[in-house]
Amino acid sequence: MSVLLTAVATLGAIGAGSAAILYMVGQRFKVEEDPRIQEVQDALPAANCGGCGFPGCASFASACVKAESMENLLCPVGGQNTMDKVAAILGRKAPVAAKKIAVVRCNGTCESRPRLNLYDGASSCTIASALYGGDTGCSFGCLGLGDCVDSCTFDAIHINPLTMLPEVVEDKCTACGACVKACPKDIIELRKQGPKSRRIYVSCVNKDKGGVAKKACDVACIGCSKCQQVCPFEAITIENNLAFIDDDKCRLCRKCVQVCPTKSILELNFPPRKETPPAPKEEEATVTA
Amino acid sequence: MLKTFRIGGIHPKEQKISAGKAIQTIALPGQVIIPLSQHIGAPCQPVVKKGDTVKVGTLIGKAVGFVSANIHSSVSGTVLKIDKALDASGYKRDAVYIKVEGDEWEASIDRSPALIKECILTPGEILQKIAAAGIVGMGGATFPTQVKLTPPPGAKPEILIINGVECEPWLTSDHQLMMEKVDEILVGVTIVMKALNVQKAIIGIENNKQDAIRLFSEKVKGYPLITIQPLKVQYPQGGEKQLIDALTGRQVGSGALPISVGAVVQNVGTLFAIYEAVQKNKPLIERVVTVTGKEVKQPCNVLSRVGIPINDLIDMAGGMPETTGKVVSGGPMMGKALPDTDIPVTKGTSGILLIPTLEAKRKAMKDCIRCAKCISICPMGLNPTLLMNLTEYEVWDRAEENHITDCIECGSCSYTCPADRPLLDYIRLGKGKVNGIIRARKN
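Those sequence lines, one after another, are chains A and B. Here the first sequence stands for residues 1 to 289, where the numbers follow this note's numbering. Here the second sequence stands for residues 1 to 443, where the numbers follow this note's numbering.
To be clear, the hints were calculated from the coordinates, so they are not data collected in a lab. Quick caveat: nothing in here was measured; it's all calculated off a predicted structure. Treat each hint with caution, since some may be false.
[Said to hold, decoys possible] Derived lysine-lysine pairs resembling DSS-like cross-links, with alpha carbons at most 25 Å apart:
id, chain 1, residue 1, chain 2, residue 2
1, A, 215, B, 294
2, A, 215, B, 81
3, B, 433, A, 214
4, B, 92, A, 209
5, B, 433, A, 215
6, B, 84, A, 209
7, A, 215, B, 92
8, A, 209, B, 81
9, B, 442, A, 207
10, A, 207, B, 294
11, B, 84, A, 215
12, A, 207, B, 49
13, A, 209, B, 294
14, A, 181, B, 50
15, A, 214, B, 442
16, A, 214, B, 81
17, B, 294, B, 336
18, B, 442, A, 181
19, B, 433, A, 181
20, A, 209, B, 442
21, B, 92, A, 207
22, A, 209, B, 99
[Stated by the list, open to error] Take a look, some chain A residues computed to stay more than 12 Å from chain B by CB distance:
id, residue
23, 46
24, 116
25, 131
26, 146
27, 247
28, 248
[What the hints assert, rightly or not] Coverage of chain B stretches by chain A, computed from C-beta distances (three or more under 8 Å per stretch; other residues unrestricted):
id, region
29, 82-91
30, 422-431
Cβ atoms here follow ideal geometry from the backbone N, Cα and C, with glycine treated the same way.
The task is simple: from the sequences and hints, build the whole structure.
Here it is in structure tokens:
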């Protein structure tokens, strides 16, 4: 009987001693974690895509809590709704950020950009672009091997088998930027989605001189600067024989689309024009004036 | 038992159908395009402008920085323009377009065929001449030669190794050069030995070039410091580290240069160019190119000036066969498929190989069957299948731990893979990425 008692007493004493040590250690090395981090994390979409610039949703949440203001913090997947929720948890106000979307700046379809040779190596744009300029005369254009498709977590970009160019699914694209990083030719760009998804952009990244670019591709930007001259808002700049439309300045007037001689400026989701013939004349008048 | 390197290696069908074909000189075209980047390192700065008259051997591109090489005009005529031109890299790079008028050479170049054996220059002067002549490694890597001949501080070269291996199938340009220019090559060896101050040189020649081995063994009797070593036919024996291992038994460590075991390796083509530069003041403006292929009518070895379009060389070999599916610059193992045949010959073009469509087609990739053939043949002792997977999943730290940067891109793994996996394509990509990460870490 006494053996039993001794055993219980000894074990009890060891247990109580350990509990006391654990309690002391627990108090001494307690990590104060802001409970709001967990709350913010719960409000995020948990896609862990890295589109915000942080390794995952958890680190974005802690960055949000630590940050002084909500400037430069945006979860592209959740968008404005999520950021408003996050701001409410933190008792701040989220800045209104324009929703962005990925655009593919190459329109070199099989008709407009004839294939000059055949690539049958490993099916990866990065590998192909390390080997040579591509299977067409344009060494800047899309290779069509789908690194962007592989990189997309949201199934929002697909290669069109007819044009061999990637196409963005507007409803699914979250502007996380994974495809922008994956593309070795830097063709994909994040642009403002625009009101009613209407947007205008130069669908070309060819920096060759006009003649060389045109020879390689019918719809290449030749850097003629007609669009720059016609733009009433100074939204267009030309650098290295290539036009670029600043989406902050562009007011979607579509004048540049009409003057582009190679049709390399694309307009998306606009209603059809009412009367096309007189419009170019007006623009010519503004150019000369 | 013939010597060879100790790990891995393969033996593809040799196919040296152009062997023994005397070197023919190709006629000058109406216009040449001379790329300003024909070497590893910084591209040259053009020193001519539109409308300038140049002679054969006039400097047109000046080396920028330490790792770079001068570029000279290979023809006489007028500079048409300096513009982008497609080169063997598959991208448009700056190049000098020259309209060919006559064939007038710079007066300083000695064009007589007489052999000049004596070299009274000091090592420093020899290096200066080599640098001025824009000589690069002619085996294909095109590394500037004067850099290779300038050992880093503290390193002492002990032995000069001459690469007469030509382990790539199909190619015979080095072989034919050895047969026709044996005396000049041997003088070139003595010049480099003097520049490096070494007392020993070994010429390694693969056993499939019996005539060259006999000829060199005969001629080398006048040079007590030079020996000839026949080698077993094994690819990639022309790799620096493999050749040093085969000839001396010394192994160069991971990431180290050949000089760490006291060796300097030079190709026979480079030695001939060095002879011409030092003894004849002739810059590197032409090279021997093998034009060959299964259905080529007249496979041949052509002495071509730099800048002549590859099309002209193909015409010289009887024209492009209709069945051609791929034109490769270099050999079948390490060569580069060309996107266009107007690309000019450069200092590194060792061969033009025309492959019929059926053979050129790459087979679809299948799943790895874990046979480990790639591991057993890798001459660097790497694990290619692992490196490919690590690259595919972008695990760069593990790729670095597994020595991806030691890959010499010989292509033996892709060649041997029964599942037709593009091992080298991925490893090359991963190697580039990891090298970039290492550079970024150092800065």
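A quick look at each hint next to the structure:
1. Between residue 215/A and residue 294/B, the direct Cα distance comes to roughly 34 Å. Violation of the 25 Å bound is thereby established for this hinted pair.
2. About 19 Å separates the Cα atoms of residue 215/A and residue 81/B, which keeps this hinted pair within 25 Å; it holds.
3. A hinted pair counts as satisfied when its Cα atoms are at most 25 Å apart, and residue 433/B with residue 214/A does not qualify at roughly 33 Å.
4. Taken as a hint, the residue 92/B and residue 209/A pair is honoured in the structure, with Cα atoms around 12 Å apart against an allowance of 25 Å.
5. At most 25 Å may separate the alpha-carbon atoms for a hinted pair to count; residue 433/B and residue 215/A exceed this at roughly 33 Å.
6. For the proposed pair residue 84/B and residue 209/A, the alpha carbon gap of about 10 Å is at most 25 Å, so the pair holds.
7. Annotation: proposed proximity of residue 215/A to residue 92/B holds, straight-line Cα distance about 14 Å (limit 25 Å).
8. Using a Cα cut-off of 25 Å, the hinted pair residue 209/A and residue 81/B holds, with the two alpha carbons roughly 15 Å apart.
9. With a C-alpha separation of about 32 Å, the suggested pairing of residue 442/B with residue 207/A is violated against the 25 Å cut-off.
10. Between residue 207/A and residue 294/B the CA atoms are separated by roughly 40 Å; this puts the pair beyond 25 Å, and the hint is violated.
11. At roughly 14 Å between alpha-carbon atoms, residue 84/B and residue 215/A fall within 25 Å of each other, so this suggested pair holds.
12. Distance hint between residue 207/A and residue 49/B is fulfilled; the C-alpha atoms sit about 23 Å from each other, no more than 25 Å.
13. Of the pairs offered as hints, the one joining residue 209/A and residue 294/B is violated, with about 40 Å between alpha carbons and a cut-off of 25 Å exceeded.
14. Proximity of residue 181/A to residue 50/B is assessed by CA-CA distance (about 40 Å); at most 25 Å being required, the pair is judged violated.
15. Pair hint residue 214/A plus residue 442/B does not hold up; C-alpha atoms about 43 Å apart against a cutoff of 25 Å.
16. In summary, the hint linking residue 214/A to residue 81/B is supported, as the alpha carbons are separated by about 20 Å, within the 25 Å threshold.
17. A hinted pair counts as satisfied when its Cα atoms are at most 25 Å apart, and residue 294/B with residue 336/B qualifies at roughly 17 Å.
18. Distance restraint check for residue 442/B and residue 181/A: the Cα-Cα separation of roughly 24 Å lies within the 25 Å cut-off, and the hinted pair is therefore satisfied.
19. Distance restraint check for residue 433/B and residue 181/A: the Cα-Cα separation of roughly 14 Å lies within the 25 Å cut-off, and the hinted pair is therefore satisfied.
20. Taken as a hint, the residue 209/A and residue 442/B pair is broken in the structure, with Cα atoms around 37 Å apart against an allowance of 25 Å.
21. The straight-line distance between the Cα atoms of residue 92/B and residue 207/A is roughly 11 Å, inside the 25 Å bound, and the hint therefore holds.
22. Taken as a hint, the residue 209/A and residue 99/B pair is honoured in the structure, with Cα atoms around 22 Å apart against an allowance of 25 Å.
23. Every C-beta of chain B lies more than 12 Å from that of residue 46/A, the closest at about 22 Å, which supports listing it as non-interface.
24. The claim that residue 116/A is not at the interface with chain B is violated, since a C-beta of that chain comes within 12 Å of its own (minimum 7 Å).
25. Listed as a non-interface residue, residue 131/A fails to keep its Cβ farther than 12 Å from every Cβ of chain B; the least gap is roughly 6 Å.
26. At the 12 Å boundary, the C-beta of residue 146/A stays outside the reach of chain B, the nearest C-beta of that chain being 14 Å off.
27. With 12 Å as the threshold on Cβ separation, the claim that residue 247/A sits away from chain B holds: the shortest Cβ distance comes to roughly 30 Å.
28. No beta-carbon of chain B comes within 12 Å of the beta-carbon of residue 248/A; the shortest separation is about 32 Å.
29. Counting residues of the region 82-91 of chain B whose CB lies closer than 8 Å to any CB of chain A gives 5, which reaches the minimum of 3, so the coverage claim holds.
30. Only when three residues or more bring their CB closer than 8 Å to a CB of chain A does the claim for the region 422-431 of chain B stand; here the count is 5, and the claim holds.
Checked against the numbered hints above, the structure violates hints 1, 3, 5, 9, 10, 13, 14, 15, 20, 24 and 25; every other hint is satisfied.
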